[in-house]
Amino acid sequence: MTSNAINPLRIRSHVAAPAHGLDQIRYAAAYIHPFIRRAWVEDGVWWVEVSEPLDAALLDAGLTKLCQRFGNTAIPDIAPLYTQPPREDGYQGKLADGIALLHEHAPGLFVARPRFAELLRFLDWAMLRRFAKPFAAVEETYPNVIPLDTLAKTNHLTGFPEHLHFVLHLTEDLGVLDDYATRMKAPGADPAPKPSELAPAMLVHNPSTCYHCYASRQGARLEGDQAIAAVTRCHRYESANHSDPGRLLEFTMREVIFVGSPDYARNTRARCLELIQQWAADWQFAGAIVQANDPFFTSEYDVKASHQHRMAMKYEYRAILGDHGKAISVMSSNLHSATFGKAFDIISEGRRANTGCIGFGLERMALALIAQHGLEPARWPEALRSEHAAWAARDPLLS
Amino acid sequence: MSGDIQTALMDFIRGLDPANAGDPHLTPDVDLYDGGYLDSFSTVELIEFAQSRFGVDLSTADFYEGPLRNAAGIAAEVAKLQAQKA
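For the protein sequence lines, the chains are X and S, in the order given. Numbers 1 to 399, taken from my numbering, label the letters of the first sequence in order. Numbers 1 to 86, taken from my numbering, label the letters of the second sequence in order.
Chain S on its own, in the form it takes in the complex (with noise of 0.2 Å):
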């Protein structure tokens, strides 16, 4: 389920920016922010995709310290969250 979960992520990471598509080093343990590929509006976006995709709300979370700095991180969390729901 989290595989799913950080596939999709990976997929919106991917179509934020064009270049992304062929950036060998957009992995799903690299680091989001040092790496520029999520900034304070694409965080928002990425918070609005959690809660359409997944029901989930991720408005409150620590984007900047952390686990959820990476998209596997961020997945494991969405996971998390919807078990909880459940």
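Just chain X, with the same shape it has in the complex (with noise of 0.2 Å):
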């Protein structure tokens, strides 16, 4: 019997709480099961918050399953590579006012209001600005959803499963088409297809904005180094995870991508930590720039994560959600050694390419700027006051 008897929905696990992974195994619990909530640690062992009744012995197998998986590796404790204080006249905005400026529409979907859709443009253009044109990046434009066997060469079906949101079609089949239409006619009819009406799935939505531009490369023969900027909206399925503030089912990912020799790709990302170190003190922007890992999903978690730590493939700038004290990652900054040159069969210069990218949440950052420097740019600091103010001029809606 593991219910608990004050409140049904709370289950108390038998599954004792590791030494290692906490925080990856309470992400990751989610996806036992579509009944779970959250999880969390108490008295050394595993809770759940459910919204209906759960089989104990189902709930048991799967934080076992988690515990093995992500509780066996000990990720080294790494100072930050920078630190950005609050701001020190002590001012501080709110994250709800934020999150007074999204509409929910579905769990992790938005609609972003004026003002804060007006701060993701400001955003976009600060980014490109600050971390695109130092490289002298050129753009291109790439589609918000990406062909299931491209996705497959980069390994991200292996390790993301659980963030995949394919796209389905009814099958070209007029009984099928006619069928369904009939049936929705009919009020209050469910709108959800059958499975047997559904062609297989060949899209996938894009869980990073960068796989386009490396599938665009496939066979290349590169001459020279290249940097390429970029945005696409992307998704990533969170399950119960999408209640935690940032947890955004879809969102904009602006990517600034590198794709040359190694040498290229090292000396690019230690530019754009410089760069981070230098954006995060113009703008008093609270949080620090930490070595980070993937959230890989499945068994390869414990080599991967390690490999990234290890040889410091991937930092992040969480930044601080003013007055609700958590931290976010708004932004990261990754090496891919050759992975990518390899998966898409890239040669630059007569060898492997190698690649890196710069990416940023855009509504990440917007919901951590407003947090830390509220709505009026007014109040902002004077680097981010004046930013804002020439992209303002030129903006066709403000000017």
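Treat the hints with caution; some may be incorrect.
Said to hold, decoys possible - Coverage of chain X stretches by chain S, computed from C-beta distances (three or more under 8 Å per stretch; other residues unrestricted): (1) 333 to 346; (2) 350 to 363.
What the hints assert, rightly or not - What follows is a list of derived Cβ distance ranges for each label pair: (3) Gln278(X) / Lys80(S): 43 to 49 Å; (4) Ser299(X) / Pro67(S): 39 to 45 Å; (5) Asp179(X) / Arg14(S): 56 to 62 Å; (6) Leu397(X) / Arg14(S): 55 to 61 Å; (7) Glu65(S) / Pro80(X): 39 to 45 Å; (8) Thr158(X) / Thr7(S): 30 to 36 Å; (9) Val44(S) / Val41(X): 40 to 46 Å.
What the hints assert, rightly or not - Which chain S residues face chain X? A few, computed with CB under 8 Å, are given here: (10) Ala19; (11) Asp23; (12) His25; (13) Tyr33; (14) Asp34; (15) Gly35; (16) Asp39; (17) Ser40; (18) Phe41; (19) Val44; (20) Glu48; (21) Phe49.
If you're looking for bench data, these hints aren't it; they were derived computationally from the structure. Backbone N, C-alpha and C define an ideal beta-carbon position, used for all residues, glycine too.
Got two chains here, each in a separate frame; can you build the complex from them with the hints?
Pasting the structure below:
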């Protein structure tokens, strides 16, 4: 009997909390079953909150699996590369002011109201100015979806299956199409198609912007290094985790992507880290540059996460959410080594191309900015205020 | 002996990626990680190769720090482990 007598929607599991990986397990627990809303550790064991009664054995089996997968890898506790303290004048905005400008259409799916949408436009401009221009990046446009077989080449399907959001259509069959349309005429009809009515998935929403860059260079023999700027809407299905601030199902990811020699990839990464520090200091944007790893979901976690840390392949800027206190990643700087050069057979000046990228989650950045500095530019730090004014003077909707 | 080991290791590393075959940058003293020649999974493959080909266990070796970041250093380590076993 594992049900809690006081509240049947809180279940105490038999599974002990491991020494490592608690955040990863807490996050991944949402994928054990759709009823799970959140998980936490209390008195040394896992507890979960569920929306409906759930079989305890299933829960214990799921938690045991996740503890084995994520609980044995000791991620080194490395001091931040750079820490930006909160602004000195003590002013602080409110996270709630930012959230109030978002209309939640479905879990994790938001409509941005005008002030928030305006901020997204500004932030994109500012990130291009600060992080694309120094590398003489050229712009490319990419679709918001990507062929499934293309994504398969990146190992994304094996590393992050939980995030995939497939794009489906009704199969090419007049009977299926007529039957579906007829059913939808009935008041209150369930709009979900039957599995048998759907064609096989061929597309998936972008989990990241940069995959299109590598895929579109399949088989290329490049002369010289390349910096490419691109922005797309990305999807990551995060189940119950969408209730956390900033965990959006769909979001805007601006990226600057670097393709070339190993030295180019490393040198541009080093420069990116300098530019991040300059940006955080100029905007008095409280947070820290920390070493990170991708949240590999499957049994590859141990090997890949450790490798990323040992090779310092991923840095994130984790911005403080103002009065909320927590920090969220608003940008990441990544080195991929030859992974994508190999996956898409890209050669740069006679050798396997190496790649890197810096990515910006614009909605998260906007939330953190409002939470730290508020909505009124007059109260923003000078550098941020003057950059915003320079942008606004040329924006057709504001000037 | 170490030279034979190094040659075999270089052949193994060249075989990881067709692009390595004609890559003049891939030398015994190049940094295999900075050069993009090894990643997490190919390191595991390298450990398995060393076990099967040379009979030595590199599973606890630190490939990320110091001399094992290049083929010459790995070959020297393999030769040392073989000598300890003899």
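Checklist line | In rising order, the numbers of the hints this structure does not comply with | finding: When the structure is compared with the hints, numbers 4, 7, 9, 20 and 21 turn out to be violated.
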